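Taken in order, these protein sequences are the chains called P and B.
Residue numbers 898 to 1139, in the numbering used here, belong to the letters of the first sequence in order.
Residue numbers 898 to 1139, in the numbering used here, belong to the letters of the second sequence in order.
Any given hint could be a false lead.
Stated by the list, open to error - Beta-carbon label-pair distances, calculated as ranges: (1) G991(B) x G1093(P): 36 to 42 Å; (2) R989(P) x A924(B): 37 to 43 Å; (3) E929(P) x G1037(B): 35 to 41 Å; (4) R906(B) x G1093(P): 53 to 59 Å; (5) G990(P) x A1033(B): 29 to 35 Å; (6) A1022(P) x R906(B): 45 to 51 Å; (7) A1022(P) x A1100(B): 43 to 49 Å; (8) D1040(B) x A1022(P): 31 to 37 Å; (9) R976(B) x E929(P): 34 to 40 Å; (10) Q915(B) x A968(P): 27 to 33 Å; (11) H965(P) x G991(B): 22 to 28 Å.
These are computed hints drawn from the structure, not numbers from a lab.
This one's a predicted model, so the numbers in the text were calculated from it and none came from an experiment.
Here a beta-carbon is modelled for each residue, glycine too, at the ideal position from N, C-alpha and C.
Chain residues, written in single-letter form:
Protein chains: 2
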Amino acid sequence: MPLQPVSRRSVPDEVFDQVLGEVVSGALGPGEALPSERRLAEVLGVSRPAVREALQRMAQTRLVEVRHGGATTVRDFRRYAGLDLLPSLLVRGGSIDVPVVRSVVEARLLIGPGVAALAAERRDAAHVAQLTATVAAYAGTDDPVERQRHTLAYWDLVVDAADSITFRLLFNSLSAAYEPALPVLASVIGAGESAGAYRVLTAALEEGDPETARAAAERVLRPSTDALLTALNTLDTSRESP
Amino acid sequence: MPLQPVSRRSVPDEVFDQVLGEVVSGALGPGEALPSERRLAEVLGVSRPAVREALQRMAQTRLVEVRHGGATTVRDFRRYAGLDLLPSLLVRGGSIDVPVVRSVVEARLLIGPGVAALAAERRDAAHVAQLTATVAAYAGTDDPVERQRHTLAYWDLVVDAADSITFRLLFNSLSAAYEPALPVLASVIGAGESAGAYRVLTAALEEGDPETARAAAERVLRPSTDALLTALNTLDTSRESP
DNA sequence: TCCCGGATAGTGGTCTGACCACTTGACCAC
DNA sequence: GTGGTCAAGTGGTCAGACCACTATCCGGGA
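Work out the full structure: start from the sequences and follow the hints.
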């Protein structure tokens, strides 16, 4: 059995997660006022600084608005929250949220080719070498989870080659959401992917033509996207009609 | 003169911004250890809870790693930070960072058409009506800043129509970065845009064909993107050779 | 009757000082 | 070397106090 680092959740972390849960679940709707810091501290049995830390982090995520002298109110996270909220929405309460995963998978398909096109314009020899090595590593294993880790590494390199800080941060945010769900998704994607498509994409990137790379990236992403979406659909309907 | 709300920066906000500046400017490189909380509190002349709040927010942004009992160390923000960091990178120290803006503008051009395609599949009559109204408002004003605000509102509606939580949060993050720079960018974009292109896009969305919408979105975004990129290039070179 | 003004209670903002829990590194015994 | 012990320094948490600000209510003046 693989040993894992013991998780030690701090008090403010715990408070943060609880309040965040109330907000994203809709138990506390936009405009509603939270209990006062003192009251929250009392109810949760923790000190006020602990509550403060949690609420300030909530404010930074634009989930609540705190006003000096006034009450702290809930904001509409769909309208104001940033992409960093995605992981919290994805795995709410232990299980994954199907519509959220669907949108992430769609976004991957829509954004990936664009990044590949940028990368084709700006890659250098070192990038190509690393990409080639990663494809080889991908082709060299049969473990689905391991293969998915290599695809993540591959796209990480593509983003590097694209040399865009915006896409880099975007990729980081999506990865942070993707990573925890990776074991679950790996089995679904399964045979949907092939090393061949990645080799074609790598060749296109080496070639340096943006449109070729864009098309190749689409051919890489399409099969696993379709596999995931159909799997999500059956998941959805099976839950709706038990 | 237009009155503005007085800005009341809290102590933890100030600390956060200072430490963040040190990190994103590279003054504190990845792996380096921050001074201890007590030391920071002493140096900055504030209390430890204030420092703590700031550092916890830094940790949430994945800019630093705090370890109980050990030192707090700087992480590589390019590798780990999420898209919510973008505004901080964009306007570092009062002036805007040209390469960062460039990447945002590129991303806009690469992502926009994809969102439009999604929106074409999922829009309903209410969306189309609102889009039409927004185009009319856009065409009805000559003030560049006002026009850009309508543009933002238009894309906000497109994202709504696309019905994707991922793109919604992504749009929120990009907007948060875009908004402060809007007055500056508005003058550059200037005549690059036309209500006509937006009308075509709206018609394509109403029609419901993804590929038509994608192409129309590209035609909407291309001119202003080109205008911005060339403006950024001259800005760049003029700064390099004074 | 209406409206304005100040009292007041309750909120978030900040500080102090203390103690606990953990990591690190040095030192020591085996 | 290996493992155990200990001290110093770090972050984690708490309690209580006071300040700054807002919302609300209520009484007096128009």
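Now for the hints, and whether the structure bears them out:
1. G991(B) x G1093(P): 36 to 42 Å: Since G991(B) and G1093(P) have Cβ atoms about 51 Å apart, the given range 36 to 42 Å is violated.
2. R989(P) x A924(B): 37 to 43 Å: holds, 38 Å
3. E929(P) x G1037(B): 35 to 41 Å: holds, 37 Å
4. R906(B) x G1093(P): 53 to 59 Å: holds, 56 Å
5. G990(P) x A1033(B): 29 to 35 Å: With Cβ atoms ~44 Å apart, the hint is violated.
6. A1022(P) x R906(B): 45 to 51 Å: Holds: the Cβ-Cβ distance is about 48 Å, inside 45 to 51 Å.
7. A1022(P) x A1100(B): 43 to 49 Å: 46 Å Cβ-Cβ, so the 43 to 49 Å window holds.
8. D1040(B) x A1022(P): 31 to 37 Å: Taking Cβ atoms as reference, D1040(B) and A1022(P) lie about 49 Å apart, which means the hint is violated.
9. R976(B) x E929(P): 34 to 40 Å: For R976(B) and E929(P) the Cβ distance comes to about 38 Å; the hint holds.
10. Q915(B) x A968(P): 27 to 33 Å: holds, 29 Å
11. H965(P) x G991(B): 22 to 28 Å: holds, 26 Å
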